[in-house]
Amino acid sequence: MKEGIRQSMAWLHTWSGLLVGWVLFMVFAAGTASYFRDEITLWMKPELHTAAHAQVPQAVALAHAVDTLQDKAPHSPRWFITMPAGREPALRAGYTAPRGENSGGQKKGGRRGVKSVMLDPATGAELSTPRETRGGDFFYRLHFDLHYMPVLWARWIVGACAMFMLVAILSGIVTHKRIFKDFFTFRPRKGQRSWLDFHNVSAVLALPYHLMITYTGLLTLMFMYFPQGIEAAYKEDKPDTFFAELFGGPLADAEAARVKAPLAPLGPMVEQASRAWHGAPAGRVTVDFPNDANATVTITQQTGHGISSEVPSLTFNGVTGSLVPRPETGKGAAAATRGVMVGLHIARFADPLARWLFFISGLAGCAMVATGLLLWAVKERPKHAKAGRTGFGLRLVDGLNIGAVAGLPLAMAVFFWANRLIETGTLQRPDAEIRWFFTAWCIAAIAALAKPGRPMWRLQLLLGGLAFVLLPLLNGMTGGAHLGTSIAHGLWPVAGFDIVTLLLGAFLLYCSHYLGKRKKAPQAAGIPLKTEPESRLAGSNA
Amino acid sequence: MQAQPTMAPVPAKPKKPGPGWRYRAGVAVRALAAIAGGYALSAAWAAALALTLPAVRVEAALTATMLALAIYPCAAMWCFGARTAPRAVAGLLIAGALPAAILLLSKGAA
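Residue numbers (this note's numbering), protein chains in the order written: chain A, 8 to 549; chain B, 35 to 144.
Hints are computed from structural coordinates only; laboratory data are not their basis. Ideal Cβ placement from N, Cα and C applies to all residues, glycine included. Don't take each hint at face value.
Below are the DSBU-like pairs computed for lysine-lysine, each with C-alpha atoms no more than 30 Å apart in a straight line [stated by the list, open to error]:
hint, chain 1, residue 1, chain 2, residue 2
1, A, K524, A, K197
2, A, K524, B, K141
3, A, K197, A, K386
4, A, K386, A, K524
5, B, K141, A, K245
6, A, K524, A, K458
Pulled a few chain B residues facing chain A out of the computed Cβ check, cut under 8 Å [claimed, not checked]:
hint, residue
7, A81
8, A84
9, P88
10, V92
11, L96
12, A110
13, I128
14, L132
If we strip away everything but chain A, and leave its shape as in the complex, we get (with noise of 0.2 Å):
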């Protein structure tokens, strides 16, 4: 648009990160922390984190689950057993109150009418009910659902957002001549040049990643935001014949007989579905209607055994045990690619050490849009210093970044120490939580906009430093397994969450630390902080 294509796409890399950059930030970091969400929401139960992870045969831990629920619910209409695994210890029996509604409307993962326990899986004992939160849940649903709003609005911003990130990535490349050579020129000290380097480094070093990561979230949501080429293809047909033929038959259908019929024992079965498998272990387990003549049983394979999201899974009758044979659906190129890239954005695949590589690229990512935002306000201040005083554009981007950079953290932990400190009978708790999630961000931005400088920037970094440090300390102290026990006993997704909040929580503090020491330096138009801001919590290698 101006001169060259490389200014233009350097114009248009500033302004599609930029319009959009807070947003992204907040998108980047919840989804970072959602690689962890098991774990986050294993350290967010303290009462489960003494359970026995003895290990015991499938069989064995199913059979306590039927047993447990053939007690509470012989006349639900669906059971879902969820198989105890190394994330998450505990085994999970679930039901669907009777008389519900019908099965259909289960699902499309409407969590109404749904009860379950937690048991232990070595004896069935049942469990002291954990607390209610929703735990990692939340950062998962924050990452393309946001909150307070409809889920539907939210997935069109969240897109808009994320083709606007596509936008400024690709821009972004072509701007970048010397993207190899840059990529080893670090001149740390220099202002502004220094935070062009970082933004560089952090973008460069995980570019695959950011493109992939991208690429895949739009496309998780494809159908969505382009529904023109099923329509074409699919004008004569029901609306859901194209889900039908991607995602295997409408076994929605199924309606119970309502004879009485014993359920075959589920432990076989699992075995049966297992040798299938190659070995792989069962993850979960569906009962439709149990007791009932029309009983199905379906086996899903343990999530993390191959990269794509479609995850295998096996019906048997649920009367005879038998398999069900399924017609063969979504076995094409572009159904496995997809199941591929979906598989690769939520990295259920990942075993410990790739899902650290990306937590990693998601830190890098979080840094590169928080690099990015910073890079903008450094380089418009010398205008404004040279005109003699803070324009309201700049002024208002220093607020967000504060507010979106330091403020994020802040309200992450702020979420976790809720998660401590309200009482565990609250009423709608999980609520109570996420209230004070959006209520510490809230008045993080509201102080950075109304104040935006380097104090801000340094009072808000030691705050979500200070609470992030002490999480550890929280844990210990309000039941959890601290840092002694989780290590000495390998229980290591609390260990982790701890390990990862402190240098989280270390960071920060630094980072306040160095805006203070570099008061006086030459270059204080920036805002010299220095590496890849926050946003990520919780991990674990186990």
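Following the hints, put chain B in place on chain A, whose structure we already have.
Using the frame of chain A, we list chain B on its own:
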């Protein structure tokens, strides 16, 4: 001596401060073309490819939709990379002619 004040400031001023309305209008047109036009173009390609790709229709529809996600950012970059705003719009129209023709033909055939 006296010539200096008369010569310099007055005519130079309108040129200096910020971009003119022409520039702003250009940016607005490009942004609109990139966001709305880019979406329309990608959607048209998604529909046209879903109908014409030589594969089972699930596969064709999936491939077309995944490609649309890649077409959109490229279209947006084109809109800002083109030398002038009218050129940007013209480029989108040219790129949209083929899928539009396919969709019209398929409608006629059906």
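Results for each hint:
1. Distance hint between K524 of chain A and K197 of chain A is fulfilled; the C-alpha atoms sit about 15 Å from each other, no more than 30 Å.
2. Between K524 of chain A and K141 of chain B the alpha-carbon distance is near 69 Å, which puts this suggested pair outside the 30 Å criterion.
3. Note on K197 of chain A and K386 of chain A: the hinted pairing holds, with a Cα-Cα distance of about 13 Å set against a maximum of 30 Å.
4. Among the hinted pairs, K386 of chain A with K524 of chain A is consistent with the structure: their alpha-carbon atoms are about 22 Å apart, no more than 30 Å.
5. Restraint check for K141 of chain B and K245 of chain A: the C-alpha separation of about 19 Å stays at or below 30 Å, so the hint holds.
6. For a cut-off of 30 Å, the pair hint linking K524 of chain A to K458 of chain A stands: about 20 Å separates their Cα positions.
7. The closest approach between the C-beta of A81 of chain B and any C-beta of chain A is roughly 4 Å, which is under the 8 Å cut-off, so the hint is satisfied.
8. Interface restraint check for A84 of chain B: the shortest CB-CB distance to chain A comes to about 4 Å, inside 8 Å, so the restraint holds.
9. Taking 8 Å as the C-beta cut-off, the interface hint given for P88 of chain B is violated, the closest approach to chain A being about 12 Å.
10. A least Cβ separation of about 5 Å between V92 of chain B and chain A falls short of the 8 Å threshold, and the interface hint therefore holds.
11. Annotation: L96 of chain B was flagged as interfacial toward chain A, and the flag holds, the nearest CB pair being 4 Å apart, inside 8 Å.
12. Satisfaction of the interface hint for A110 of chain B is found here, the shortest Cβ-Cβ separation to chain A being roughly 5 Å, below the 8 Å cut-off.
13. Proximity of I128 of chain B to chain A is violated relative to the hint, the smallest CB-CB distance being about 19 Å (cut-off 8 Å).
14. Here the hint on L132 of chain B is broken, as its CB sits about 15 Å from the closest CB of chain A, past 8 Å.
The structure shown violates the earlier hints numbered 2, 9, 13 and 14.
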